[in-house]
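Let the hints inform the model, and build the full structure from the sequences given.
So the chains spell out like this:
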Amino acid sequence: MARGDDEFVEFARASSTRLLRAAYLLTGDRYAAEDAAQTALVRTYAAWSRVRRHDAYAYARTVLVNHVTDGWRRPLRERATNELPQRPAPGDVAEEVAQRRWLVDALGSLTHRERAVIVLRHFFDLTEVEVASELNISVGTVKSTNSRALGKLRVSTDPPADASKTDHPIALRGARQ
Amino acid sequence: MTDLDTFRSILRATPAQDLGNLDIGQIMTKGSRIRRRRRALGGATIAGVLAAALLIAAVGVGRFSRPAVEPAGPGTGPNHPTPVGSVISTGIRDSAGDIMLYAVRIDDSRLPDIHFGLMAGHRGSTGQLSADVETNETSGSDRSPGFHAGYGASPINHHDFPEFGYYAGPAAKITATLGGKRVQAHQGTWSADPQIVVFWFSLTDVPVGAQPADLSAFDTNGHQLPTGNTNVNRG
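Residue numbers (the numbering used here), protein chains in the order written: chain W, 1 to 177; chain X, 1 to 235.
Careful: at least some of the hints might be erroneous.
In silico SDA-like links for lysine to any residue, alpha-carbon gap of 20 Å or less [stated by the list, open to error]: (1) W:K143 x X:L4; (2) X:K181 x W:I137; (3) X:K181 x W:T141; (4) X:K181 x X:G140; (5) X:K30 x W:I137; (6) X:K30 x W:K143; (7) X:K30 x W:T141; (8) W:K143 x X:T177.
Take a look, some chain W residues computed to stay more than 12 Å from chain X by CB distance [as the list claims (entries may be wrong)]: (9) R43; (10) T44; (11) T62; (12) H112.
Listed next, the stretches of chain X that the computed footprint assigns to chain W, with coverage defined by at least 3 CB atoms under 8 Å from CB atoms of chain W [to be verified]: (13) 32 to 38; (14) 211 to 217.
Everything labelled a hint here was simulated from the structure, so no lab data went into it.
Predicted model only: the values in this text are computed from it and were never measured.
Using N, Cα and C, we set each Cβ at its ideal position, and we do this for glycine too.
See the structure below:
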């Protein structure tokens with residue numbers, strides 16, 4: 001195996017889990033996520049000679065997001081709803097599983113752009129400028145979309161008044177709108 | 001921990017074990033197929049360059065109208081397609097030399113109305129002209145009014161190349177929108193056909209990976225011209 005191939009294998013092993021997670025958050029579908037993450041890595045490998053010395057992960061992430069958002073532009077698309085599912089109560093024995101399900105359902109209540117902004121901003125931890133560049137929208141649109149989406153998800157950007165007195169460490173609220 | 005921090009933690013806790021595993025061998029096989037297709041297309045282009053008679057006719061015609069344009073000059077090696085017409089300097093310089101744009105001949109029976117494409121390469125210190133990335137129209141005519149052969153700003157052979165393409169028609173100004181800001185392209189006219197306007201954006205205005213929207217061309221009176229094919233290929 002060529003040295004470049006060895007490097008790619010190492011890169012793919014290191015990045016595939018994160019790409020899969022991001023794809024799942026973007027699509028909410030395991031099989032679509034696998035398809036998107038695989039497509040991102042296939043195209044990254046095809047371009048490996050010119051991206052390996054740059055930010056290969058950023059390249060793969062861009063391919064991934066473009067692949068998913070291109071699918072959203074096709075005529076048949078799912079509709080986002082304004083109904084946010086009830087978030088499971090803290091302390092539930094099945095909380096982790098239920099919380100995961102809540103997350104996917106909650107992301108499904110967002111528009112495609114809101115969902116993409118949330119994943120890029122809060123999963124990939126990109127700056128607003130980077131999100132704007134990635135989605136080809138203005139920074140102002142990123143700010144307003146992010147704020148609106150967090151509002152729909154009932155996520156507060158304000159720190160708790162007194163965190164030491166918070167009974168439940170998870171303050172995320174999933175009440176219906 | 002704030003609400004937002006918790007939300008981020010939940011996002012990042014998505015379990016990967018439920019999502020299956022990617023087959024890296026299969027990924028490399030599919031990626032290799034894409035590489036082979038690209039090489040085959042590149043080979044077809046180089047073969048087309050050797051169609052000498054039309055090439056010589058095209059090379060001899062006219063001069064570029066901007067100081068950014070210079071003659072093809074020395075150093076098109078055996079593996080480098082010969083430029084059709086003069087070579088346009090983008091004014092962008094890196095460790096490999098100056099980034100240049102030039103037309104190359106295309107003679108492919110699958111593309112009956114497409115006779116040229118754009119190549120981006122470096123002019124090194126020896127005058128040798130490299131061929132780093134080629135882009136061309138893939139449907140219809142290469143001279144139909146509007147944009148053609150756009151290629152997004154990308155790292156190629158370890159160097160950052162600008163977004164470039166060409167416009168068929170009397171474009172006096174070419175712009176795009178990125179991040180809510182209007183950016184203007186640099187332009188050069190192709191000596192073999194003054195109706196072909198080669199354009200590129202500076203890497204400052206359109207950095208690598210950026211995807212500007214609303215690619216538009218305007219005539220000398222500021223009237224918007226037909227857009228044509230504004231698709232931009234990305235590495």
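Taking the hints in turn, this is what the structure says about them:
{"no.": "1", "hint": "W:K143 x X:L4", "in the structure": "15 Å, holds"}
{"no.": "2", "hint": "X:K181 x W:I137", "in the structure": "10 Å, holds"}
{"no.": "3", "hint": "X:K181 x W:T141", "in the structure": "13 Å, holds"}
{"no.": "4", "hint": "X:K181 x X:G140", "in the structure": "32 Å, violated"}
{"no.": "5", "hint": "X:K30 x W:I137", "in the structure": "32 Å, violated"}
{"no.": "6", "hint": "X:K30 x W:K143", "in the structure": "38 Å, violated"}
{"no.": "7", "hint": "X:K30 x W:T141", "in the structure": "36 Å, violated"}
{"no.": "8", "hint": "W:K143 x X:T177", "in the structure": "18 Å, holds"}
{"no.": "9", "hint": "R43", "in the structure": "7 Å, violated"}
{"no.": "10", "hint": "T44", "in the structure": "8 Å, violated"}
{"no.": "11", "hint": "T62", "in the structure": "6 Å, violated"}
{"no.": "12", "hint": "H112", "in the structure": "16 Å, holds"}
{"no.": "13", "hint": "32 to 38", "in the structure": "holds (count 4)"}
{"no.": "14", "hint": "211 to 217", "in the structure": "holds (count 3)"}
The structure is inconsistent with the numbered hints 4, 5, 6, 7, 9, 10 and 11, although it conforms to all the rest.
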